[in-house]
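*Asks:* Take the given structure of chain A and dock chain B to it, following the hints.
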Amino acid sequence: MKNLILLILLGCTLPIQLLAQNGVVVSPDELLNDLDGDWRSYSGDYSGKRYSSLTQIDKDTVKNLTLAWTTEMNFTTRSGFDPFTGSSNIVTKIGGEGRGDIDITSGSLKGSILEVNGILYVTSPDHAWAMDARDGSEIWHYHWETLGGTHIGSRGSAIWNDSLLFETPDNFLVSVNIHTGEENWHAEIASFELQYFSTMAPIVVGNRVIVGTGNDLDQPGFTQAFDASTGELLWRFYSVPMNEGDPGLDTWPSLDAASHGGGNAWVPGVYDPETDLYIFGTGNPTPAYTGVSRPGDNLFTCSLVAVNVTTGEMEWYFQTSPHDTHDWDSAQTPILIDGIIDGQPRKLVSTASRNGYFFTVDRVTGEHIATNLYSTTANWSSRIRENGSPEPNPIKDATIAGSLVSPVEGGVANWQPPAFNPDTGLFYTQENNGYNMLYLTDPDPRGSMGLGGKQRDEIGDVDSAFQAIDYKTGKAVWRHEWPGGDGVAAGVLTTASGLVFTGDGRNNMVAFDAENGDLLWHTRIGNMTNPPQTFMVDDRQYLLVAVRDRLFSFVMY
Amino acid sequence: MRSKLYVLGMTLMVWVHASNAQDIEPEIVIANPNATFLAQQRALPPAEVIARGEALYQVNCRMCHGGDLRGGEQGGPNLLRSGIVLNDIAGEVIGQVITEGVGRMPSFGNLVQNDIAAVAGFIHSILATAERQGSTPPVDFDLDILVGDAAAGERYFNQECSSCHSASGDLQGISSRIIDDYELQNAWVGGGLRRRGDSSGPTQNVIVTLADGGRVSGSLLRYDDFFLSLRTTTGGYRSFLRNGDSPRIEIDDPLGRHKELLAELTNKTIHDVTAYMETLK
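Protein sequences, first through last, are from chains A and B. Just so we're aligned: the first sequence equals residues 731 to 1287 in my numbering. Just so we're aligned: the second sequence equals residues 3 to 283 in my numbering.
Chain A on its own, in the form it takes in the complex (with noise of 0.2 Å):
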């Protein structure tokens, strides 16, 4: 009967998934696109900027926003109809190298969603999705059996014509059928034997994929390219200096401690297509908090880096944090500006780093453009460099008796990703202010390992705010601080309609206005845990945003 069942459906289903199985959803020409009604890569586009060329919900209409669909991701692992619950006909396709009895679900969506053509592309440590944009039904779930380890997330995943990828926390790089979910091949990324995990957004550039993995115990970090249609190796790029005569050695003690130094790249990167650059942040070193082991400015930790995407070879650096101390990493994922500096168009990066400084260097050359302290709290650094790099101050290292540190672990930004409006020029990211005490647990002139040898005890309550930034100095043009202390973290979109989206900490999320802050419109749904994104399907301008596993749609009628 149940068979029967099933097998009518199939029968009604088929031809239509068929006819569904083949043709190319995003050809890597179409990634050159600027964001506009279809959401293709981890930011829209290869900028960076999360500015949306959408226009209906504007200023005057934004008040009309009302919730279009909210769902609650479904994590269970299903073979089909069953006529007694009534469940659906999705079939959760299985992969994975592990024995299938470790069930880590880790339920917050922390990542960018994909929309092509009317169709969501979800993203959970060893979970995808296929769902319908119009109204949030799933079309196809994929479920990746893990081998174990830190789940902290996915932040996306990428799409190579007709198929789509994505990382797996045991660092696998999956490719599946985008159209069935179909597994088409999966590739080992990283160790996890050496403690590595893997969260990014996988970055498709021609036939290239770029990753990037995690790490917390000491490994080096790297970013590698792989062959998009087959899941080879192209190249990989250490972010620390690996062998006698690398460059940047001089900044470590011995080639242990670089090799062990790591740098991990955790978040997308951008891709300047002119220059053939893939551009990103790159981790702290290790270990963390007891910088006594490695003594030096540690290169190429805590840097904006500009790869070739075709050679792997590193073009320039510009280091945000030099010796960095508090596991404030840099890989934030930085923004590509085409902008103005002394009265010359100038191509820029900037970045607003987790430290609490923000940074724009030329994008061709890594020639430094300006850094500004853009926290209210941050008290770690004596100065700023003649290159531009601020200086870190030992005293605000972890101390036996403790030291009175800003900011927080988390830092002022984090891997939420910010924006940036072309028409009003300004950069727009959070401030996330707050207090440690800062306590050495591990004394050991050796150091200490991972994020060990310290205890970390946030105190205290002070204002965080939003900010819209001038590239071209680092200072705010304007500035909204948050009411009722407490941190905030929230991802930014902006749009040609000059409306800025975010959350606001307090669980609401809300929409300024781009040129001067006012704030235009609000909803209380939770704290968003991924950045909000915007679409166009049927005409309709759709905004979406995830509250851990619960996803809700916006639009206007």
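In short, the hints are calculated from the structure, not lab data. Treat each hint with caution, since some may be false.
Pairs of lysine-lysine residues, derived as DSBU-like cross-links and limited to a Cα-Cα distance of at most 35 Å, are as follows [as the list claims (entries may be wrong)]:
1. A:K1205 - B:K270
2. A:K1202 - A:K1077
3. A:K1077 - A:K1205
4. A:K1205 - B:K261
5. A:K1205 - A:K793
6. A:K789 - A:K1202
7. B:K270 - B:K283
8. B:K261 - A:K1202
9. B:K283 - B:K261
*Replies:* Showing chain B alone in chain A's frame:
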């Protein structure tokens, strides 16, 4: 991807001696499938094997790699973050280094296969004490954070704190109430707020002035840009939608000075005042 044979079972404790040849994969016994990383999921060899491994380590390896495996006086690297150790399951990778030597490390012809498996088992047993992925085996140092000058702390207190606090009044016996030195220091630096978003702080009084001039006051419950709620002095609940400056609100934050202090305090002052607070028993 190397294929590995898994044997599952919480109670099943099979230990298969590994070959030290890299091409032969040891059988992996999963003792705890819920542990986060592989080295922790795997079963360790029996205690007597680990004990023998420890004894062999002390004699043969300790001088170079340290009693805690984090590197020793004679120049051996930290084994707890070594790729060779992390990639090893039962001595098959470590064994190669031991029998062949590497770089400045000599080879050990005296150690046979059983010895190697025992030394590897000991090394893995230390790694397995890490609490979670990316953390280190626990360390226990006896550290004293009371390094400040209590007399200097008292002088500072009398100047900067005595307008609101007194050693014989509200802060009398504070170090008996808050026994842990770290917590005592955190408590005063944060004005009692142990973490951000802590709602246990002192009552903030708020006055709301309505459009018609009417005023409602009470203790603040919650507010953001769009909303404010309060408890009136008679225990009633009131809430208001906010739109810019309407209605007008005035909030008196008793911890305002403590927030300013966060930007002013030096580590030395903090340690001095904590040493003084410690005398308030």
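*Asks:* Each of the hints needs a verdict: does it hold here or not?
*Replies:* Okay, the hints, checked on the actual structure:
1. A:K1205 - B:K270: Distance of about 32 Å is within 35 Å: holds.
2. A:K1202 - A:K1077: This hinted pair holds, its Cα atoms lying about 12 Å apart.
3. A:K1077 - A:K1205: Given that 35 Å is the threshold and the Cα spacing comes to 19 Å, the pair holds.
4. A:K1205 - B:K261: With a Cα-Cα distance of about 24 Å, the restraint between K1205 of chain A and K261 of chain B holds, given a limit of 35 Å.
5. A:K1205 - A:K793: Holds, at about 30 Å.
6. A:K789 - A:K1202: 26 Å, holds
7. B:K270 - B:K283: With Cα atoms ~22 Å apart, K270 of chain B and K283 of chain B stay inside 35 Å; holds.
8. B:K261 - A:K1202: OK: K261 of chain B and K1202 of chain A at ~32 Å, within 35 Å.
9. B:K283 - B:K261: Answer holds: K283 of chain B to K261 of chain B is near 26 Å, not above 35 Å.
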